[in-house]
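One letter stands for each residue in the lines below.
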Amino acid sequence: MGLVGLELYKLRRKRLFLMVILFLAVEIGWAFSATSISISRNPGSAGWEALIAMMSSMNGLFLPILTAVCVSRICDMEHKGNTWKLLLTLSVRRGALYAAKYVTASLVVSLACLIQAVAIAGFGFMKGFEQPVPVLLLLRFLLGLVITNTGVIALQQWASMTAKNQAFALALGMVGGFVGVAADLFPQGIRRIFIWSYYTGLSPVTQSYASAHIQFVVRDMGSLLPVMVALTAVGMVVYLAGSVYVSRQET
Amino acid sequence: MSEIIATYNLSKRYGDACRVKNVNLSVREGEIYGFLGPNGAGKTTTLKMILGLTRPTAGRVTVFGKGLEQNRRFILSQTGSLIESPSYYGHLTGLENMRVVQRLRDVPDRNVEEALRIVRLEKQKDRKVAQYSLGMKQRLGIAMALMSFPKLLILDEPTNGLDPAGIGEIRELIKALPQRYDMTVVISSHLLSEIEQTATSIGIIHEGMMLFQGSLEALKNEKLPTILVKTQNNALAQELLARKGYLPARDGDFLAFENLGDDQVAMLNRILVECGMDVLRIEERKKNLERIFLDMTGKGGSL
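One line per chain: the protein sequences are A and B, in this order.
1 is the number of the first residue of the first sequence in the UniProt record's numbering; add one for each residue after it.
1 is the number of the first residue of the second sequence in the UniProt record's numbering; add one for each residue after it.
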């Protein structure tokens, strides 16, 4: 726990939180204006489901990049000033530092997701949606994001820790953003192997094009549960592999 | 005096290249141990193995009489170090960098202030380290190593990047540490002059092998002096002596002999006299340290 505190201390003056807020402002602004337009064209579709589905598909584009940037900022500072050896000679174990960085990145990205959920509730409230705030849906929305982040952060951290040049990790994040936004167009078999497809894949609301109109369907939790469990397991495997790999390196 | 660091046949191999070969290093309590060698001789690799940053290919290390593998945490808690280039978080201020180490070391605020005062960074402590000069970063690194006032301080090329005044200051600081804070200091350098002025004991490493270990005095006495002989006819004397197995070199008006013991000098004189050759002078020329290093490593005073 002390090490996580230390990581947060080391993030001072990095303006990481400011960056997260600005990034979210763009994403949320975009999602809300798109939703507003669709509501004004089609007042009947005004509802929480449309809003959550819109935010989920935006997340497919934005969160992989946001995650890549956050993780890179947290990891890169050890490369820049050669501080690995400093920390190691202060009895910090590599595995413990890796874990602290993972927890810190998870906290930052989770905070961003929480802000989204609050913003969704605020927007719906302002727009005067008829139904009350769907707390359960928002919680499922958050759960899906957190589980997807588990894997994406683990992957990004491995990249950021191993390759000193952060361009590699950031490029990986961009590829993720592309896959995340295009995932719904892939056939299901292919979609499943990309971790970034689960921003929409684990969303509690999905869009259905069965009829001429777009319909928003609330997914059954039971059908998502096995995917969530499997994805969490994949995330943990990637984390462990990265941690072991980095722990074996020598300075 | 107990032994603070001991290595036993310590070796490190990277691929086919052997960077450190069977090094038996011994540092005693209260010493300032100067670890001297040319660039790439294996100094940093050896120090990294002592700190557990790099795993030895063979051999073992004990620090404070304890095996490194099993007691790494304890050993590191009693050891301050600065290895290679200084480590720092450029986006944080000098003081914030010190706080990072302070949290991990768990030492009181006064240690931070004292360490900053010793390296004279107290006025610059609120500037971002990215704006520091190399010398200031080096001082910050020394302050971080000193912060807990450890029993053992390992400084790898601590005067890199410092100006002459700074080098002088750090030299005086290092000299004072054993008495003032009861520390044992290991300092590595490729500069003979630097080590000569601070170290009480030295180790010379070259191409991964320890060539000499002991006091400076012992090093000066290690090599026998050159014997210079002047005769009536040097050319004839040289020919005469060559038949007896002596192989002198011509050195101005003298014949120069290396590695002669007293008996051999007496014998040489007798040969010449018995052949009717007048010996005008027999002189002894002590080698200076620089000459000794040159002989040992094939490089000049700047190793």
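I should point out that these hints are in silico values taken from the structure, not numbers from a laboratory.
Among these hints, one or two may not hold up.
Claimed, not checked - Below, computed lysine to aspartate or glutamate pairings styled on DMTMM-like, alpha-carbon distance capped at 25 angstroms:
#	chain 1	residue 1	chain 2	residue 2
1	B	Lys21	B	Glu96
2	B	Lys128	A	Asp76
3	A	Lys85	B	Glu222
4	B	Lys287	B	Glu274
5	A	Lys85	A	Glu250
6	A	Lys14	B	Glu69
7	B	Lys66	A	Glu250
8	A	Lys80	B	Asp126
9	A	Lys85	B	Glu239
10	A	Lys164	B	Glu96
11	A	Lys85	B	Asp109
12	A	Lys85	B	Glu207
13	B	Lys151	B	Asp126
14	A	Lys85	B	Asp295
All figures in this text were calculated on a predicted structure; none of them were measured in a lab.
* Asked: Quick one, are A/Lys80 and B/Asp126 close enough, alpha carbons at most 25 angstroms?
  -> Holds - the C-alpha atoms of B/Asp126 and A/Lys80 are around 20 angstroms apart, at most 25 angstroms.
* Given the hinted pair B/Lys287 and B/Glu274, is their alpha-carbon gap at most 25 angstroms? -> Distance of about 31 angstroms is beyond 25 angstroms: violated.
* Proposed proximity, B/Asp295 with A/Lys85 (alpha carbon, max 25 angstroms) -> 35 angstroms, violated
* Distance restraint between B/Lys66 and A/Glu250, which requires alpha-carbon spacing of 25 angstroms or less -> Roughly 23 angstroms separates the two Cα atoms, so the pair holds.
* Asked: Is the hinted pair A/Lys85 and A/Glu250 satisfied, with a Cα-Cα distance of at most 25 angstroms?
  -> 9 angstroms, holds
* A/Lys85 and B/Glu207: Cα distance at most 25 angstroms? -> Given that 25 angstroms is the threshold and the Cα spacing comes to 24 angstroms, the pair holds.
* **Holds or violated: B/Lys21 to B/Glu96, with C-alpha atoms at most 25 angstroms apart** => 40 angstroms, violated
* Given the hinted pair A/Lys85 and B/Glu239, is their alpha-carbon gap at most 25 angstroms? -> Given pair A/Lys85, B/Glu239 is violated - Cα atoms ~61 angstroms apart, limit 25 angstroms.
* **Hint consistency between A/Lys14 and B/Glu69 [alpha-carbon to alpha-carbon, up to 25 angstroms]** => Roughly 37 angstroms between the alpha carbons, so the hint for A/Lys14 and B/Glu69 is violated.
* To do: Starting from B/Lys151, check that the Cα of B/Asp126 is at most 25 angstroms away, please.
  => Roughly 29 angstroms separates the two Cα atoms, so the pair is violated.
* Holds or violated: are the alpha carbons of A/Lys85 and B/Asp109 at most 25 angstroms from each other? -> Holds, because 24 angstroms separates the two Cα atoms, which is no more than 25 angstroms.
* To do: Measure nothing beyond the straight line between the CA atoms of A/Lys164 and B/Glu96; if it is 25 angstroms or shorter, mark the hint as holding.
  => 24 angstroms, holds
Checked against the numbered hints above, the structure violates hints 1, 3, 4, 6, 9, 13, 14; every other hint is satisfied.
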